[in-house]
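K.L.:
Each chain is listed here by its residues.
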Amino acid sequence: MLLINCPYCGPRAQSEFTYGGDASLHRPAPDASMDDWFAYVYLRDNPKGAHVELWQHSAGCRSWIKVRRDTRTHDILESP
Amino acid sequence: MTYSIFSLARHALSGHKRWPLAFRSPAPAKAYDAVIVGGGGHGLATAYYLAKRHGVRKVAVLEKGYIGGGNTGRNTTIVRSNYHLDANAHFYEHSLKLWEGLGRELNFNVMYSARGVLNLVHTPAEMDAAMRRGNAMRLNGIDAQFLSHDEIARRIPNLDCSPDARFPILGGLLQPRGGTVRHDAVAWGYARAADALGVDIVQACEVTGIRVDGGAVSGVETTRGFVATPRLAFAVAGHSSVLAAMAGITLPIETHVLQAMVSDPVKPVLDTVVTSGAVHFYVSQSDKGELVMGGDLDFMNSYAQRGNLPIVEHVAAACLSLFPSFGRLSLMRTWGGICDMTMDGSPIIAKLPVQGLYMTGGWCYGGFKATPASGWLLAHTIAHDAPHELNAAFTLERFAQGRMIDEKGAGPIPWMH
Amino acid sequence: MTQPFRLAQGGAVDRARPLAFTFDGARFEGYAGDTLASALLANGVHLVARSFKYHRPRGIYTAGAEEPNALVQLGMGARSEPNVRATTLELFDGLSAESQNRWPSLRFDAGALNDAFSPLMPAGFYYKTFMWPATPRGWLRYEHLIRRMAGMGRAASEPDPDAYEHQYAHCDVLVVGGGPAGIEAARFAAQAGRRVILCDEGPPSGRDIADVTLLSRTTAFGIYDDLMVGALERVTDHLASPPEREPRRRLWKIRAREVVLATGAIERGIAYAGNDRPGTMLAGAAKTYLERYAVRPGSRAVVFTNNDSAYAAAQALMSAGVDVAAVVDARPEGEAARRCGLRVIASSAIVNANGRLRVSSVDVAPLDGGRARCIDCDLVCVSGGFNPAVHLWSQARGTLRYDERLAAFLPDACPLPVRIVGAAAGELDAVRALWSVRSKGKRFVDLMNDVTADDVALAAREGYTAVEHLKRYTTLGMGPDQGKTSGVVGLALLAEARGVSIPDVGTTTFRPPYTPVTLGAVPGSEQGAHLAPTRRSAMHDWHAERGARFVTAGLWLRPHSYPRAGESEDDAANREARNVRANVGVVDVSTLGKIEIAGRDAAAFLNRIYVNTIDSLATGRCRYGVMLRDDGMVLDDGTVTRLGPSHYLLTTTTVNAVKVMQHIEYLLQVVWPELAVFATSVTEQWAAAAISGPRARDVVAALVDIDVSNAAFPFLAVASCRAASLPARLFRMSYSGELAYELHVRADRGRELWEAIVKAGEPFGLMPYGTEAMGTLRIEKGHIVVGPEADGRTTADDLGLGKLVSGAKWCVGKPLLARPALTEAGRWQLVGLTALDGAPMPRAAKLVADPARATPNPMLGHVTSWCYSPNLEKWIALALLADGRRRHGETLWAVSPLAGARVRVKVGPSCFIDPEGARLRG
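Residue numbers (my numbering), protein chains in the order written: chain A, 1 to 80; chain B, 1 to 417; chain C, 1 to 922.
Just so you know, the hints here were simulated from the structure itself, not pulled from any lab data. Each residue gets a CB set at the ideal place from its N, CA and C atoms; glycine is no exception. Honestly, I wouldn't trust all of these hints.
Chain C residues, not near chain B, derived (Cβ > 10 angstroms throughout) [claimed, not checked]:
#, residue
1, E90
2, D109
3, T236
4, D412
5, E526
6, R575
7, G620
8, I706
9, S806
10, P909
11, G922
For lysine-lysine, the following DSS-like pairs were computed, each having C-alpha atoms within a straight-line distance of at most 30 angstroms [claimed, not checked]:
#, chain 1, residue 1, chain 2, residue 2
12, C, K53, B, K17
13, A, K48, A, K66
14, A, K66, C, K440
15, C, K253, A, K48
16, B, K17, B, K30
17, C, K440, C, K53
18, B, K408, C, K906
19, C, K659, C, K814
Computed footprint of chain A on chain B, listed as stretches where at least three residues anywhere in the stretch have a Cβ under 8 angstroms from a Cβ of chain A [said to hold, decoys possible]:
#, region
20, 153–166
21, 237–245
22, 250–260
23, 405–417
Assemble the whole structure, with the sequences as input and the hints as a guide.
P.N.:
Encoded structure:
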C-alpha cells in the first residue's frame, strides 16, 4: 500500500487519502472558450509513466497535495 | 477440423498426438486490408466478424504479448445485459444474444452458463433504482424479475438475509439469462475461428507508432516492422490512450487497476452470480469450484496490473458479510487488470477523427460481457466506415455535445463509474 | 501396535504427550509436535486423498506448505474447513479430519471412473465438446454434473464462529524465513541497532534471538507497494481448546524499510509414469519425516535423483532402518554415489512405478535406452532439484535469471530494498536437469490439478505456446498449491516441446498470496456488523424507544416512521404526513451536511459555487442554493445561511455531505488558493430538528427566548437564541411547504432539545415524523432530491430550477452547460403526475404512451419519486418526462412490468399543494 508523504503529517498510508486524479491540468479562466473547458473537464493524457496527481489527506489534515508517481510501477517519484 | 466428442474420441486413439494447431502464429505480412491492434477478446472478435460477415479476410490482429493476456484473461467472467439506459440496454442485449449462440458459432465450448445474475438491494433508494432499471429492461424486451427478500432467502440459503445484517437485504433484481462464460475460451475460440478464415494472428508484435499520410491512416510501425493498411482499429482496453496518442488524439479516458480474486476450489456452494451495490461486491462460483470475486477499483491511475491490500480486505469483508459461512475458505490468488475508465462510464466504439482509424475502448470494468457485440459492431463500423445503429451513440464526440451515456450519474470523474 | 513407523528415539516430537486423532473415522495416536501428515505416516497411513480430475489414489508428497496431494477436510459443523494441508496442520488432541473429493470412500471411489475415461479427458478437453445440444441453456446440463465432480473440500454450512484480527507493525528490517540464513540476517541487523521482525511459517523453535521480534506460525504472503508486507499468523490452530478471547488467525500488515527474504528453496519432482502412487514423496520430505518427526516413511525405499542432496535422505533412511533398495541417479557415477555405501544405479531413471493404493515396485532403465529391471519397494523418494522460493521477490518486482547449473530460476535484481539470502538466493547443489522420463503412462507434472507431461506437449502442439497459455489451457499451477512443486518442470517441458531455451519461455507472474490466506482473516474484525460504521443521530435512542422503524440512508440509520400499535408503516407515514399539514410535526434532520464558511472572500467564493447569487444575502437570512459539477449537471442542493459579515453556514444533502466538503476544499486549496476562506465541516457538531406545520410557531414560541412573530422573524430569517435553555440557532426554512423552523443545538444536547420540543408540542398535537412522511410532504411540494430527481444526468433547468441560475455571474459548471445537447428540445424535464382511476402509482414506473405496444416500447420518461398523498387523497408522483413542461394536461401510462402494474397518469406541474407558497410565509 502506497506510503504518501503529507507535508504536515509525514508519510502516511494510502488508505488515509482520497484520490483526486490528474493534477497537470490547468483550470481555464471563467471566460475561457468552451473548447478549453471541455478539454479540462474531459480529456486526459493518462500517461503510462510519470503522472502528476492529486491526493487529499482526507483522514488526516485534509490537505490536497500533488504527487508525481509512475503508473507502471506505482513508485512515487516526487512528493511534497 | 471440427471439435466434438467424436473427434475427441478419434484423437484419443492416437494418444492425442495429432491435434492440429488451434491457431497459427505467423509473422506479419507487409500489408493488410485491415489491421486490429490488440489480441484480446474484442480485437479477435472484430477480426473474426470482419472475415465472417463482411468478407474482409486479409486482416491481421497484432498482439504485443500473447492473445487473451490482458483483461480477457483477468476478468470475473460475468455476462449480462441488465442496463438502464437505452443505448446500453440494446448494445448489451445484442451481445448476450451472441453469447447464447457463440459456442456453436465458433465450434469452441465457451461454457455460457445462464445461471442468473442477481443484484441485491439493501435500501429503499437502491430498490427504486433497481426496479426502475428492471422496468426499463422489460420495456426493452430484456428478461428481468424482481425477487423479494423471502424468494432470495429460499434461492440462496447461505446468503445472510437476516434483518440484523449491517445492510439488510430487501430484495433483488434478477436477470435469468445473465451468468458466466469461460473467459480464456473466448480468446481462443475467436482466434481459432478467425485463423480458419485466413486472419493472421500475430503475437509478440507491439505497435510503436501510427503512420498518417494526408489525414488518413497508412499503417503501423511495430517491433516486427512496418505494416501497411488503410484501415486500423485498436482494441487495447487500458492502453487506449497510448494508441490514440500515436495518432495525435487525446481520449476522455483514465486507466485504473481493478483487482479480482479467487478462493480455493470447493464443492458447489453458489449457483447464481450475486452482486451488491451497497457493499460494492460481486461473486460467482467457477466450474472448478473457486469463488470468483471482485469489488471496487483501487482508485488510482495504474498500468501495473496489480493493486494493494485495502481493496482485497473490502472485497473479503463484503463477501463474508453476505456469506458468513465462507469464512474458513481461503483466498487462493489475487490479480489485477487494466481498466479504461471513461468520463461517463460507457464505451467508445467509433470512427476516430483520422480517416481509416477506429477504436473500441472505454469499457471500464465491464468489457468482457461486451466482447461479441463490440467485435460485431466494430467490424461493421470498419467495413462500412460508418457505425451501426447499435453503436451510433458510442462516439468520441458525444462528450463535447453533451450526450453522455452515464448509467451511474457520476459525471466526469472516471473512477466513480 | 500403535505408531509402528515411529522411531524409538530422536525427532522434535514430545513422546511424553501422546495425542489422539481420527482420520476418515479411524482412530490413531501421535505426539505433540507432529503434523497430521507425520502422525499418519507414523501409523503407516499413506493413502490420504483422491486427485482432483482423475480421482487417483494419492499419498503424502512433501513435508510443507507446498503439498499438492494431502489436503483434508478438518473439523465439523461451523468450524469445518476444506483443503487443509495435512503437512502443515499441527496435531492437537481430538483432531478429526476426513479425506476429500471421494465417494463412497477413499479406498473405493466411484470417481476413479474418470481415470478409466482419461483418454477422453486430456487437458482442455472440455473446450472441444459439450456443445450439443446447441441451445442457450445446453451447457447447464453438463455444468451441473461437472461442478459436482470438481471442487475439492466443502465449505461449512453455518457462519464461521471464530474471530480474526488485524495488526499493524513497523520495522527497519523484516526477515522472512527462520532458517539458518534468516536467523543470521536477523541477528546481524539487530546487532547493528535496527528494529527487526523475523517471521517464519513454522511453530516456534524455542530459541529467542536478542532484540528481534519473532512471529511464529506466520506466513508472509504478499509484498505490496512501498514495502507493505501482508502476513498471516495462525494463532490458535494448534490448540485443542483455544482460549476464548484469542483470534483464530491474525493478519499482519508490516511496513518495512527493508526486507530480507530467506525463504529457502522448494524441491521439485521428476515426471515419470506413475510418479503419483501413494508412498511417493520428495527426498527432502523423507529426510524431514525421519529427522524432525522420527518417522520411517516406509520399509523398503528406492531413491531417484539428479543431484547430490538426495544422498543425505538415502543415508538418513538407512540409519533409521529402512531398506534402501537402490539409489537411481540420472547422472554418471560421482563422488556422492561412491561414498554413500548404498547400491547406486547410475545414468538411469525410474520409467514406471507400479501399485494402486500404494507403490509396490518401480521399473528402472538406463537413460540412453536398454532393458528395465523391476525393484520392489513401498517408498519412492524423488529429487529433481530445487526451485528457490522467489515468489515474494517477484512480487516486489525482482527479476529472475535462469541458471543452468541449478536448472532453476534465481533472483537477479530488485528495484526495491529487498535482499535475498541462502538457498533462496541459489546456495544449492548442482543439478543435471531431468524434467521427464520417456515412458508410457501418466507422468504427472502438476499433481494437484492432474496435469501430465503429455498435457504440456498437447498444449504446445495446439499452439498454446506462451507460458501463460500453457498454464491456462492445462490449469498447471492454478490449484491451491499454486504450482510450487510443479513450477519450472512444466515450463521446461514446454521449452523442450517448442525447441527453445527455458529462459525464452519464461515464468508466469507470481501473485499474492504465496500460500492461501483464510478469507475470514482478510477483513479482520471489519466484517458482519462492523462492515461499515453505523452512524446514529443524537436522538437515535429516543426514536428507538418510541418504536421507530429505521431505514438505512448511506451509513446512517434514520427513522422511517413511528408506527403505533396495530399500525402498518404505511399507515404511520400517512398519519404523520397528514398531521404535519393539519397541526405540527417534528423530524430529526441531524444527518444533513453542515459546513461553515468564513473569511474575507466568503461571499465571493459562495457566489462561484452556487448557481444563484449569494453575496446579496443579508446577515440573519438564509436561502436555497444549488451547486453544479464542472460538467454543468446538478451536484447538490441545500441552504446557505449568513451568520455574520464574513460567516456562512451551508447545508448539503445527507448523501453528499462528504462529497461537497471535498469539492469545497479542492476549490479553496487547489483552484483558488488566493481566496481568503476557511471551510469547516460541522455535520457532527450540531443536532438538528425541523418543526413544521400550521401550529409550528406556537411550539417554537414556547421553546425559544426570542420573538418569533411573522413580523419579527419572517420566512428565511435566522437567529441565535436559547431553546429550552440551550444555546441554539433558529432558522425559518421549510422543506414541507408548511410554516416551518429548524432548531440546531450542539450534538451532545440533541436529545434534550428533542424532548423539549415534544413536550412543548403536546398541546398542539405535535407528532414525530420520519423520512417516509418527510418524503411524502416534499413530493407534494415538488421538491427535488439528489438521487431520484437530481440523478447526475440532469441540469438545473431540467429540474425546473433554471430561473435560479443567475445570468449575471459565473459559477462552477456554467461553461459546459452551453453544450448543444444540454439546451436542446426534448430533454427530460421535471413534472408532476397524478394517478387516474384511483389506482396506486406503481413503484419506479416508466412512462409510455401505449402500454400494449410490443417491445422495445419507447420510454418517454420515468417516475422519480411517488407516494400516496394523504393530504390530497390520491397517488401522486414526480417524474422526468421528455419535453415535460410542454405536456401538462396530457395523459400517459406509468407502467411497471416487474410488478405487472400499469396506471393512467395525468401530467401537470410538480407542485401539488400551495404553489404560491402562502402557507410558508404566514
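K.L.:
Which of the stated hints cannot be reconciled with the structure, identified by number in ascending sequence?
P.N.:
5, 14, 16 and 20
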